[in-house]
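Participant: Once you have looked at the hints, place chain B on chain A.
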Amino acid sequence: MTALADRAARAFEAEQPRRDWVLVGLWIALVVVAVVWLAPFVFIVFTSLKSTAEVMGSSAFAPPRDPQYANYAAAWGRGRFGTTVFNSAVITIVKVPLGLMISAMAAYALACMRIPGGKLILIGVLFGTMIPFQVMLAPLFTLVNGLHLIDTYPGVILPYIAFGIPYQVFILHGFFRGIPVELNEAARIDGASHATIFLKIFLPLSLPVLAALLILDFVATWNEFAMALVLLQDRDMWTLPLGLSAFQGQFSRDYGQLNAAIVMTVLPATIVYLIFQRYFVSGLTSGAVKG
Amino acid sequence: MTPQRLMQDDRLQAVLLLGPAIVIYLVFAIYPMIDVVVLSFQKWNGLDANRQFVGVGNYVDIFTRDPVFWRAFRNTVIWTALSLIFPPLIGLLLALGLNQPIFGRNALRAAYYLPVIIAPIAVATMWRWMYDPFFGLFAQILTALGRPNWIQDWLGNKDLALYSAFAAHVWQSAGFSMVLFLAGLQGVPKTLIEAARIDGAGRWDVFRHVTLPALRTTITIVLVLAVISSLKAFDIVYGLTGGGPAQATQMLALWAFTQAMQIFDFGRGSAIAVVLLVITLSVVVPYLSWTQRREESQE
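Residue numbers (the UniProt record's numbering), protein chains in the order written: chain A, 1 to 291; chain B, 1 to 299.
Note that these hints are calculated values from the structure, not bench results.
There may be inaccurate statements among the hints.
List time: in silico EDC-like cross-link candidates among lysine to aspartate or glutamate, alpha-carbon distance up to 16 Å [what the hints assert, rightly or not]:
| id | chain 1 | residue 1 | chain 2 | residue 2 |
| --- | --- | --- | --- | --- |
| 1 | B | K190 | B | D205 |
| 2 | A | K200 | A | E185 |
| 3 | A | K119 | B | D61 |
| 4 | B | K43 | B | D61 |
| 5 | A | K200 | A | D190 |
| 6 | A | K119 | B | E296 |
Only chain A is shown next, with the shape it has when bound in the complex (with noise of 0.2 Å):
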């Protein structure tokens, strides 16, 4: 006991100094990485602050001299950005709860109601996290245009629902599953029913994994550019990402506009993201990794 009290006391002596000076040299490479991977935002505020000619004639990395915020200005009309931020804010605050709803209610039968091949229908539903969407541009397409949705609201929404189910009833039926029977049972006893249940208990309960799912997918709906490149044809139906992409298509040379442009375009995302930080990680690791 004595020897082995003593060998640590010795490992934790001739640990202590070595491990301080380790952890310097490692703060010190992770801070420079850092720096290296967050300079290309700095590059693209700079840039989206210079005229061409400034752009043209001084270092990436200066300063601007003269900040051009008119670049800003230049590129929400050029870029039609009011059009876009004004659809992608439509599709996003409709498609995000709306989905949630959706996938919620199903991850409360799956998980809580004995159904007749439940079990299969949530195979199924893990399955479809792994598909890639990619892959079924074209029959979607055939299909929505087949429905007249092509350049609709609903048209969008309803495919980009379709797609976020696996990922959250994943998530929620494990949570859900977490949650002792009893209270469920308990619940029954006194005559409430499974939408009561759902709603009263279960609902107020995944609060924080709600919040933390509703954050992933506003990210993840407000950056969707795939499927919308083929279902909104119209420009004045155009997302975003999709006007920012014909922007960069059509005014790559003005590089202060073009640079406002992805600026103005990732900003929000951007924003959301430094306010609710925390919730991307628990969202993201809370069905992924377990073991």
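Facilitator: Then chain B, alone, in the frame of chain A:
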């Protein structure tokens, strides 16, 4: 039935709760997946009332008469292989570093994760500008370092373009692996690490014999997700190069899209998509059965 009775009927409630999700999922996710298989055996321009059945004709076409298909296939394989190495490795190193008690580690984690939340199409637009051979970031850095002769047309050179595009993908996705590894590291038993250290094990020994085995599940998940996301590679390539120059960055997902939505050969586009689907399933099905088995053994 009175409304009260209605609400007491379990079967009806199950239908009401589960129904919307099932209907939307079946119509907008499962049906298109089946339809893509059907379409792959047909000739269709996307508009005609009639779809003409051509058997395996589209598959014969893409395998024997379409050099771009093989180009895209090769690029997808390269992209996937690189995706299995670089983002997970960088993510693991960052996670190991940021799992230590160091100053400002939450801010550092946030910095590394930031690119993950940016739209891939915006990342593509950013990097395309950074790769500009005249005024872009990389040209400026090399000039500042006194190596202007190292400047390349990063996206215009067909030997480089694929790797240039991949670099942008690494920047965007390493933070995602990092977060998964950080979560995995929470599951490494601290007592085991302390015990090993007391026994005189060095850092490397602890990593090899304690940390790494404990991370096995996480590593599997990160790698499977890396494969799946690289098979989906679409936005970033579309935005950076559009598949060019000379198809040097063409990928299966993008080529399937181009065939169907731009050349209006829905049959061929779908056949390419089905090939991609089969490759995906060959990764997903074993993974899912592994997950099922693991869960059952835990219960």
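Participant: If you check each hint against the structure, which ones fail?
Facilitator: Checked against the structure, the only hint that fails is number 3, while the rest are satisfied.
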